Amino acid sequence: MNAPVKFYQTGTFTVGNRLLAPEQRSVQASTERSNSLNSGHRACQGCGEALGARYAVDAAMRATGNRLIAANATGCLEVFSTPYPETSWQLPWIHSLFGNVAAVGTGIAAALKVKAAKAGLGQSAVRVLAQGGDGGTTDIGFGCLSGMFERNDDVLYICYDNEAYMNTGVQRSSATPYAARTATTMAVGAEPGAERGKGKNLPLIAMAHQIPYVATATVADLRDLEAKVEKAMTIHGARYLHILVPCPLGWGSASHDTIKLARLARETGIFPVFEAEHGEVTAVTKIRHRVPVDEYLRPQKRFAHLFGKEVAAQAPAAPAAQGGASVLARPGAGAGQGHPEMLARIQADADRNIRRFKLLDEPEVH
Amino acid sequence: MDKPFAITLDPGSSLANKTGTWRTERPVYVDRLPPCNAQCPAGEDIQGWLFHAESGDYEAAWRHLTRDNPFPAIMGRVCYHSCEGVCNRAKIDSAVGINSVERFLGDEALKRGWRFTAPKQETGKQVLVVGAGPSGMSAAYHLRRMGHGVTVMEAGPLLGGMMRFGIPKYRLPRDVLDAEMQRIVDMGVHVQLGAKVTDIAQTMVDGSYDAAFLAVGAHIAKRAFIPAKDSSRILDAVAVLRSMEGQEQPMLGRRVVVYGGGNTAIDVARTAKRLGATEAIIVYRRTRERMPAHDFEVEEALDEGVMVKWLSTIKRSGDDGVLTIEKMILDAKGNPQPTGEFETLEADSLVLALGQDVDLSLLDGVPGLQTKGGVVQVDPVTMMTGHPGLFAGGDMVPAERNVTVAVGHGKKAARHIDAWLRGTQLAPTPKHAPASFENLNPWYYSDAPKTLRPLLDMARRTSSFDEVQGGLSADNALFEARRCLSCGNCFECDNCYGVCPDNAVIKLGPGKRFQFNLDYCKGCGICVAECPCGAIEMVKEDF
Amino acid sequence: MLQIRIHGRGGQGVVTAAEMLSIAAFHQGRHAQAFPSFGSERTGAPVVAFCRIDDAEIRLREPILAPDVLIVQDPTLLHQVDVFQGLHAEGYVLINSQRSFHDLGLADIEQRYRHERLATVPATEIALRHLGRPLPNAVLLGGFAALSGLISLDAVGHAIRAKFAGKVAQANVAAAAEAYAFVRQELEDLAHAQAD
Amino acid sequence: MLKQIEGSRAVAEAVALCRPDVICAYPISPQTHIVEGLGELVKDGTLTPCEFINVESEFAAMSVAIGSSATGARTYTATASQGLLFMAEAVYNASGLGLPIVMTVANRAIGAPINIWNDHSDSMSQRDSGWIQLFAESNQEALDLHIQAFKLAEELSMPVMVCMDGFILTHAYERVDMPAQAEVDAFLPPYEPRQVLDPAEPVSIGAMVGPEAFMEVRYLAHAKQLSALEVIPRIAHEFQQRFGRRSGGLVRGYRCEDAETIVVALGSVIGTLKDTVDDMRERGVLIGVLGLQSFRPFPLAAVRAALQHAKRVVVLEKSFSVGLGGVVSTDVRLALSGLQLHGYTVVAGLGGRAITKASLERTLREAIADKLPSLTFMDLDWRIVNRQLEREAQVRRSGPIAENLLRDVGTVASKVS
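Residue numbers (our numbering), protein chains in the order written: chain A, 64 to 429; chain B, 62 to 604; chain C, 137 to 332; chain D, 1459 to 1875.
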């Protein structure tokens, strides 16, 4: 989305850059950043959701001058951030239920609107953020989310998508990708892992509501993510931001690979990063170094069966709060041969994304 | 606010939960030795001065560079920049144009008149430097900076040694050479020109010097026995190149044959072209692959119309300079062997470029000093000869013979002379582990191919002695500098600070780098994986 | 306590009739309670609504099982539902019809109840003339005022204006007045007939 | 100001007088007229500023209410029956978070079989949700209770459910005395939240509480409800002082002083019972009625005090716990523990079955003669029931019971009662 500043040592791919003008610097590079999600939270090592949440909320805090209220759906983010007697949040924050966070956001926005009116203001300076995981967004919270969209309530909804119900121990959600192994789509049988032709694409569904702004992002591209949050905050009405946040526990990946995997998801075309306004795609982040899907899938134990690998007996250590460790402890099926035909399908899906969203630069004509 | 028990909590209170206890591995910041620095014969901190150049602070960059090498403008022209050969960036697109940036900084310094600062205080020690070539002047510079009194004795009429008498103008314009020499003289270095030292021992006593650095170079041309008629005109390369500095230029004629395969042979052939020779032919007994001359120079020579007869030796020079050539073939070891197959070649003159020997006469009778194979033996660590207080470097000691190596010798010798004068010994500085490409995360470096320096157009290259290679513009130099990956050393990109899911990295501010907050670091290792330049590594926690 | 039960079909404004009746009574300073026989009936289905009028607070919440007054908005119900169920011996009956009780096949009713408390009025025709729509509810209230004298035509007019506005209100008031006059006339004729 | 209006309209106007900031609306009979009325008042500018939100479900209605209340807005919604069950999770959450939301429940039965008519099964199903539950006897009391409910909820920072009988009250036109805005403003101060989402003073609301503190949290909720046992009568008293009407409170007795038999009931049936009692008293029967205005908190002491001198207690309720019997009766029995009283549970009016004076008197006379079974379903059609039971005795399988019964009854639509 924002092109690398040319001639710079690292372009704008890194978090910071001493050579950038102050106004070009990222929120995360600043010692003034609000650390909305403070240290001491109980997220697993290398948690993509903890990272994505701080990226997004800090950016929203800067965009609103710290006049922000957040509502949070039940899920990892809620459980690891607010176990009595400690909370990691540094902004006004509320958790109500698993399936109602969008509606809670609507309520907050409504209250703020009335407060503003009573103060003789056109609109409230305080803005609303509603956030949840993919389960709370695409499944149980979908009704409330669609209602919030349809009424065009002044709420920015952020979905932290780690592609399964991680908090309950890695069960399949409607955001779980084809072939992925979860506790409810085990890697056994003829077609191991999540079945084909199921699941939903929430960004596209959000676009179908014709809301002012829909965007996708990943934890691998901080500046893009921050720019999208900032842009969302310049708009009033319903806005949706879908952030891919790898989960070392649920994906069976190394804790240090969290950002790398998010990057590969985009560079393979598996996760298109784009922006849409009023239902129309207005910008896409082009693939910089295209790679085959294998590179993305191979480091994840949830796809081990595609490569005919036995899954290591020990799962990444999970703190007591998360109960998911056992899932990965089971040996993967399909050991030996692997499933090249499934790999081919995943590659074909990625290629379709690349065509559909024009993720590759057209070869220049000379 | 009247908060309900347990349900409503105060902000940020999770700081009480020290998640650092989960950790089994700990990230630590490291510094690794970048390949360019490791490679530089002059021991330059290339990454260090590029860092300043990246932010456009060219004077800081120049001052950082000249801590190790006082001749950036010369280096930027004549250095064979082996640093670029090992640059990690080559594995992404192409090596950083270190040499071109160095030249830019050198030229910028001359343009802006940046000078070296005289030493804070004098040590009162006197050091004699024999020979005003790159090695000698480098030593003089460093010794002077350390506060020693320095006297340079040069047999020749001008400063620069081989830089002046061995390297043609079109590669090193003389105004540049003069300026960088003068800058050292201006530091308070005493120079005696045309002062040939014949007896070093006596000279030391006369001048009551505390130590001496010998760098007389190698000026005696090697001869090869070629049966020749008196009529045939045979010269040696060193003489030809030296005479280029004098008033009347050498008469080489229209057909010039150069015998040899080193850089000097190339220089002579290209010089002959510029002097009006219609044909300049190099005769070399091996193949191009085995030619000691640097490829880019061979390339430039061929571009200019210099011709080369590969696998050929000259057997004799007959009437009117008709040369008899024998074809050679390479044996299994790659050595040329005669074939008994002959041909002839007409030449107005034959220039022999078969290397040079050192004039060691000034060392006669110096106790403890050893020579071997025509060069002086020195301790490779300290550059000291067998005679205490007597150091040597440059072409007169066993080493590759080029300007950069010579400059390096000068620096190294100066540091050990200084130690020796203080009656101490220099402890070898511990070297960091090398920064290999595998340590890097290249994703973060934006795509930026190398910028090429402009080349002088062909007509003027073959007709004049104008400098062939131009310099970079300020923009290009900045761009080129910013292509540096800062291999193995933190350049404060803030990645570790940003990517930590636990806010366990403390940013200490510009130039101060970062620090880990081990109270909260869970040891996930993302900071290590996402550090572009490999300046962090994980170490096991010991329990 | 006066208890009125109104029968009709969904869409004929049966419930509204009961409500207007309660408003009329309220206007005359009395306590009143109107409520429908709750259900999900749709247009055309038989509907019942109730109204209680008293001088004291009305606490009773049961449906009206023994009405003092019956208003039948749709004569076609007469042989479908037992509209007369529980009707008080001294009760009033007002039926929306051009025909007499006898012609409606209600001879037995004529026998059992006091003639001067029985009346029919062509409320639909009157409504059509005034409103252009077959809405007999307000019209019948005018007739009821005449038949029983328990509420005034003026109060009925007030109730109509409380429920409707502008032209519709005017038309309904006029229609109610015509029904009032019509029933008055009926009763006078009946009185003369009995006098003879 | 006296008005002859529908119960729903009366409640809508009363709620509007309380100046709510946010109203969440979702249609379900018999509550719908209330939010329709409020929607109109907001749209025509009578009630402003106020956000009237048409949500997509009752679950969303309560969820929006949670968000707005936590942000310091006075918040109202209304529902009934299936709607209350659909929002149940959020109902518990609102009380757990201590948010002073006021909600009208227009009491209605719960299906299957689907039934839109009145009984108390819906609010009884949320008996343990931590909400205060007040029951209205008449439209006037329903109106008055809403004004009291906001004061009560905000003083205790806990949600209040005002229960009124669906159709019987919501759809009944009655005389009500509507207070003036100034009077209500004087009685009900602006909402000052106990906790609020405010960037000036950030807090995290809705923490996860483990075994180490959960029981304490629950106990504190209970303690708060117990404190309501003092606050409710106090507010009712203040209300009476200002408006000159006796509305709300914990319990209200009618002719109980010398009564040997006391009928305990909730909601609009109390009116019918009062008439029944008057008739029976005329015939010399010493009987009275005890109305419960507050069901949660349950006024154990007040109930015991009101009943302890009677010989006989009949609990008449419009709900029952399948497999046990009376719901209210269980609580009344607890209030009477240790007292040797004859106790009867009469379940009546389920799914809108009319409760007639005649049936009541007949049933009560049986009770007085101590011939009444301890659990009685008033006006139950044994003919139908027994026929189905025989059917089931013959064929052991679950079948479409409701359909069978309807076949036996013949369609109810045209029946008067």
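Be aware that a few hints might be false.
[Unchecked claim] The list that follows gives simulated cross-link-like pairs (lysine to aspartate or glutamate, EDC-like), each with its CA atoms no further than 16 Å apart: (1) Lys1682(D) to Asp1828(D); (2) Lys334(B) to Asp236(B); (3) Lys172(B) to Asp239(B); (4) Lys283(B) to Asp154(B); (5) Lys64(B) to Asp1656(D); (6) Lys1732(D) to Glu324(C); (7) Lys1732(D) to Glu198(C); (8) Lys1769(D) to Glu1674(D); (9) Lys1769(D) to Glu1718(D); (10) Lys349(A) to Asp508(B); (11) Lys568(B) to Glu95(A); (12) Lys261(A) to Asp412(A); (13) Lys1461(D) to Glu198(C); (14) Lys178(A) to Asp1656(D); (15) Lys64(B) to Glu1674(D); (16) Lys172(B) to Asp92(B); (17) Lys573(B) to Asp92(B); (18) Lys1815(D) to Asp1789(D); (19) Lys178(A) to Asp1716(D); (20) Lys433(B) to Asp420(B); (21) Lys349(A) to Asp424(A); (22) Lys1815(D) to Asp218(C); (23) Lys1815(D) to Glu1718(D); (24) Lys79(B) to Asp580(B); (25) Lys388(B) to Glu402(B); (26) Lys376(B) to Glu407(B); (27) Lys181(A) to Glu1650(D); (28) Lys64(B) to Glu1718(D); (29) Lys64(B) to Glu1613(D); (30) Lys511(B) to Asp154(B); (31) Lys1682(D) to Asp63(B); (32) Lys64(B) to Glu1659(D).
By construction, these hints were calculated from the structure, which means they are not laboratory data.
If you're wondering where the values come from, they're calculated on a predicted model, not measured in any experiment.
Item to check | Structure versus earlier hints, numbers of those that do not hold, lowest first | outcome: 1, 2, 4, 6, 8, 13, 16, 18, 19, 22, 23 and 28
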